[in-house]
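Protein chains: 2
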Amino acid sequence: MDFHLYDTTLRDGTQQEGLVLTVGNKLEVARALDTFGVSFIEGGWPGAIPKDTEFFRRARHELKLRKAELVAFGATRRPDLAVHEDPQVAALLAAETSVVTLVAKADARHVNLALRTTETENLAMIRDTVRHLTREGRRVFLDAEHFFDGYRTSRGYALRVVEVAAEAGAEVVVLCDTNGGTLPDELGDILTVTATTGVRLGIHCHDDSGCAVANTLLAVDAGATHVQVTAHGYGERCGNANLFTVAANLALKKRIPVVSQDSLSEMSAVAQTIADITAAQPVRAAPYVGVAAFTHKAGLHTSAVRVDPSLYQHIDPEAVGNSMRTLISDMAGRAAIELKAKELGYDVASTSEVVSRVALRVKDMERLGYAFETAPASFELLLLDELGIKRPFEMDSWRMTISGGRVDASVRLEVEGGHGLGAGLGFTPIAALDQALRGALAPSHPDIVEWRLVSCQCWSLDGSLGKPAATRAVVTVTDGQRRVSTVGVDDDAVTASWLALQDAISLVLLTREPIAG
Amino acid sequence: MDFHLYDTTLRDGTQQEGLVLTVGNKLEVARALDTFGVSFIEGGWPGAIPKDTEFFRRARHELKLRKAELVAFGATRRPDLAVHEDPQVAALLAAETSVVTLVAKADARHVNLALRTTETENLAMIRDTVRHLTREGRRVFLDAEHFFDGYRTSRGYALRVVEVAAEAGAEVVVLCDTNGGTLPDELGDILTVTATTGVRLGIHCHDDSGCAVANTLLAVDAGATHVQVTAHGYGERCGNANLFTVAANLALKKRIPVVSQDSLSEMSAVAQTIADITAAQPVRAAPYVGVAAFTHKAGLHTSAVRVDPSLYQHIDPEAVGNSMRTLISDMAGRAAIELKAKELGYDVASTSEVVSRVALRVKDMERLGYAFETAPASFELLLLDELGIKRPFEMDSWRMTISGGRVDASVRLEVEGGHGLGAGLGFTPIAALDQALRGALAPSHPDIVEWRLVSCQCWSLDGSLGKPAATRAVVTVTDGQRRVSTVGVDDDAVTASWLALQDAISLVLLTREPIAG
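Listed in order, the protein sequences are those of chains A and B.
According to full-length UniProt numbering, numbering within the first sequence proceeds without interruption in unit steps and concludes at 517.
According to full-length UniProt numbering, numbering within the second sequence proceeds without interruption in unit steps and concludes at 517.
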């Protein structure tokens with residue numbers, strides 16, 4: 001089936017607060033979207049936004065797309081101006097894309113208040129611009145902006161916009177719930193009526209009512225064969241329909257092959273790549289691709305997934321390149337500890353004494369403010385301790401000085417066969433300590449200088465723990481292969497994060513080669 | 001209408017990764033939910049989780065609920081055990097709530113694999129437990145776990161569970177999409193059939209397909225009169241249907257008065273209160289209550305909302321206690337700057353030269369890496385500079401030393417009529433500098449010692465800005481009344497955040513009394 005998975009991350013997605021992409025960033029995102037397998041990539045609005053004009057110029061030389069078509073976005077001609085005299089329309093042609101998507105008002109109220117023209121002139125603007133672009137050899141899609149609001153206020157006019165666009169040569173007319181206020185029942189009803197026009201319909205939803213994904217699916221149920229989405233649901237206000245959620249729902253549940261099975265199995269990695277480029281923190285609970293999407297905490301669920309993971313998972317996580325995780329918390333019993341140990345690669349079923357000691361220490365440490373569910377590596381280190389595995393180093397002493405905003409740190413360690421000394425320089429205490437610690441370990445582990453402190457987060461713990469000023473710190477480090485998170489608790493944030501950091505580095509060192517579990 | 005808005009934040013919501021609530025936290029959340037006006041608050045699972053047993057014990061004395069009923073959650077009796085001998089059922093009664101919600105398997109596969117009992121025994125467990133609790137004077141709701149999966153695999157059995165529960169005396173049977181995998185079309189179809197049983201139905205949705213809110217609404221369309229939700233959609237994996245989104249959709253769009261108009265207009269504040277208690281960062285793009293829910297960035301949208309905000313907003317933000325914001329970015333023209341200035345309370349329409357200078361400086365500073373959309377207070381300070389308003393202090397000199405993980409900072413300022421000196425101690429450079437700066441300003445502004453540094457976030461900027469190691473820092477401070485965010489850019493993170501902090505404190509000082517704009 002000719003079904004369009006149409007991505008507008010680079011245009012509508014960049015309306016999200018805090019999302020500021022360079023032209024280089026936009027090219028990188030386009031490559032990731034193409035690799036994933038979307039059909040169309042809307043790159044921006046040439047002529048209106050200088051950065052977007054530059055994007056299309058560079059894209060012509062630098063962007064070799066495997067499958068996707070690049071699309072330029074723009075508006076219908078200005079009121080009372082001949083289409084060939086409109087510089088904005090000329091800029092759309094100058095972008096040299098094979099497809100152009102035009103936005104046009106489908107709500108009479110907007111025509112009057114925002115465009116400040118007549119309903120008749122608005123239809124002429126649509127007709128002229130679509131015809132002009134198709135004559136110039138472009139495929140044209142038309143975004144019927146505010147279609148659903150327009151349908152409510154003046155149904156006949158909204159439908160007329162759809163028909164005029166199609167008659168003029170628009171290949172698809174995209175019904176836009178621009179303000180995101182339409183609920184599923186109403187959207188389904190409106191789609192059903194609009195489908196009787198016989199025009200090929202698309203759908204573009206916003207999430208202001210929390211229904212963007214569902215509305216997109218319901219539009220497909222009603223006959224739409226073109227869906228507009230953005231990576232991670234980026235977009236203005238509450239965002240747009242989420243590319244990843246929509247693609248997986250369509251492919252896995254509605255059996256519409258919008259992307260290949262292989263692409264789908266890389267989806268979580270694609271999502272992470274795009275989040276790395278945009279520097280917007282991905283939502284942990286995001287459907288399909290979120291870190292927590294297949295994470296189990298409840299005791300009953302944990303024991304059931306041990307029998308059969310499908311009992312508490314709607315799909316196999318591997319189908320979208322994600323994986324199942326279970327969490328250790330103060331509710332963890334022996335079964336959860338055995339399961340988590342197994343997940344980490346240790347078979348402790350036969351050493352029931354170890355399991356008992358670990359369970360006891362988990363409960364004790366959780367009471368002090370540790371939270372193992374946020375730091376699985378701390379649990380693994382605790383397990384190794386109880387299995388009698390010796391730590392790779394012991395801390396002898398450490399100190400820091402600061403001047404001019406820069407922190408100097410030095411550490412002295414006991415390591416196998418002697419001492420290790422290291423010094424570090426950073427803008428924060430933990431960055432300087434990290435460098436110093438890795439310096440001290442470098443003689444015996446040369447590649448450790450390449451490891452990286454990914455993040456350090458702190459929480460204040462409330463007074464009920466008996467330590468009014470206590471802080472919980474979770475530190476994440478990577479050796480380039482994997483990320484390891486550990487937790488530390490202490491009266492002050494620097495010591496808490498420093499303890500966590502030492503544990504994280506210890507764990508990576510201990511688990512680089514297989515350990516007898 | 002007797003419609004149940006049933007909140008399970010304290011039970012199902014706490015299955016979310018990283019959500020670790022003390023009993024004190026749980027009591028606070030219950031108070032916030034009651035103030036908001038939910039009908040039922042599910043408090044936890046007494047007997048199974050020690051913290052929850054303690055919660056119900058303390059709730060009896062410490063929790064005076066205005067409107068909501070507290071609910072204890074638990075399971076049907078164990079297989080092959082008389083109901084009055086089951087300690088888990090006894091613990092439910094011991095919680096002394098007027099309502100008990102029982103979870104029961106509605107999927108034959110789960111009965112066999114997870115419960116390891118027969119389908120007949122499962123029905124007996126439901127019948128016995130519901131009868132036992134109703135005889136003891138409890139109102140009973142029954143969560144039909146995995147109902148939708150069960151309907152797919154063995155429709156007759158799933159429906160039988162619904163009927164048996166109702167016959168035994170359950171007031172509501174709640175259809176649970178426990179794994180969150182059901183799409184709207186299928187859910188609607190199943191609800192329509194199930195409604196023919198004549199049993200009062202509830203709905204409990206998870207967001208694994210991104211459809212939890214829509215599915216909840218579609219169930220209501222099909223006749224459900226009891227909706228289970230959690231604050232912020234907290235919950236295991238991808239979370240549950242979001243209380244705030246569902247409540248606003250039902251009240252404002254479906255005209256079902258689940259909470260009063262007054263409560264609704266406090267909803268954004270309630271959402272913030274609960275996020276403060278759980279310490280889980282609220283999603284900025286969350287429908288209705290998110291900081292970004294009514295935020296406009298696109299140039300065309302910004303000029304349209306100047307004409308009529310309803311052109312790009314699905315509801316009036318004040319109806320849910322939120323407000324409209326517009327963003328200043330490198331795309332901001334004179335119109336956007338005038339609008340943003342007006343939003344901040346300055347009428348600059350008549351001083352076109354100021355607007356031009358501000359527009360120029362915004363573009364210049366954005367090129368250096370500043371991002372005004374994340375720091376509206378920096379824009380306001382820039383505006384004040386161009387309006388000729390003098391800063392409240394100038395930095396003379398500052399220094400820091402660190403030892404044992406503690407940072408000492410000292411600053412010397414020029415202030416009106418002389419110098420200010422201050423010293424500070426903290427665990428991070430910015431915390432120490434913050435204290436030192438406020439100390440230096442305290443003689444002229446005594447209440448400044450109560451102000452607080454809320455957060456400090458840093459981003460590395462890419463090489464395209466010509467400064468390979470540059471950092472953008474955004475700092476937020478509060479004087480107890482409002483939060484103010486400013487941005488700083490420099491080669492190192494400490495200086496970037498220190499510049500932003502000075503600006504934030506300057507702005508609060510400058511704008512405490514009305515300024516002639």
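Among the hints, erroneous ones may be present.
Remember, identical chains collapse to one label, so a pair may be satisfied in a single copy or spanning two.
Claimed, not checked - Calculated pairs, DSSO-like style, for lysine-lysine (alpha carbon to alpha carbon, straight line, at most 30 Å):
(1) Lys342 / Lys51
(2) Lys363 / Lys253
(3) Lys51 / Lys363
(4) Lys342 / Lys67
(5) Lys67 / Lys253
(6) Lys254 / Lys51
(7) Lys390 / Lys254
(8) Lys64 / Lys51
(9) Lys254 / Lys67
(10) Lys253 / Lys390
Since the hints were made in silico from the structure, they are not lab data.
Hints versus structure:
| no. | hint | result |
| --- | --- | --- |
| 1 | Lys342 / Lys51 | between (51 Å within a copy, 28 Å between copies) |
| 2 | Lys363 / Lys253 | neither (41 Å within a copy, 47 Å between copies) |
| 3 | Lys51 / Lys363 | between (55 Å within a copy, 13 Å between copies) |
| 4 | Lys342 / Lys67 | neither (41 Å within a copy, 47 Å between copies) |
| 5 | Lys67 / Lys253 | within (24 Å within a copy, 41 Å between copies) |
| 6 | Lys254 / Lys51 | neither (38 Å within a copy, 42 Å between copies) |
| 7 | Lys390 / Lys254 | neither (52 Å within a copy, 63 Å between copies) |
| 8 | Lys64 / Lys51 | within (20 Å within a copy, 58 Å between copies) |
| 9 | Lys254 / Lys67 | within (22 Å within a copy, 43 Å between copies) |
| 10 | Lys253 / Lys390 | neither (49 Å within a copy, 62 Å between copies) |
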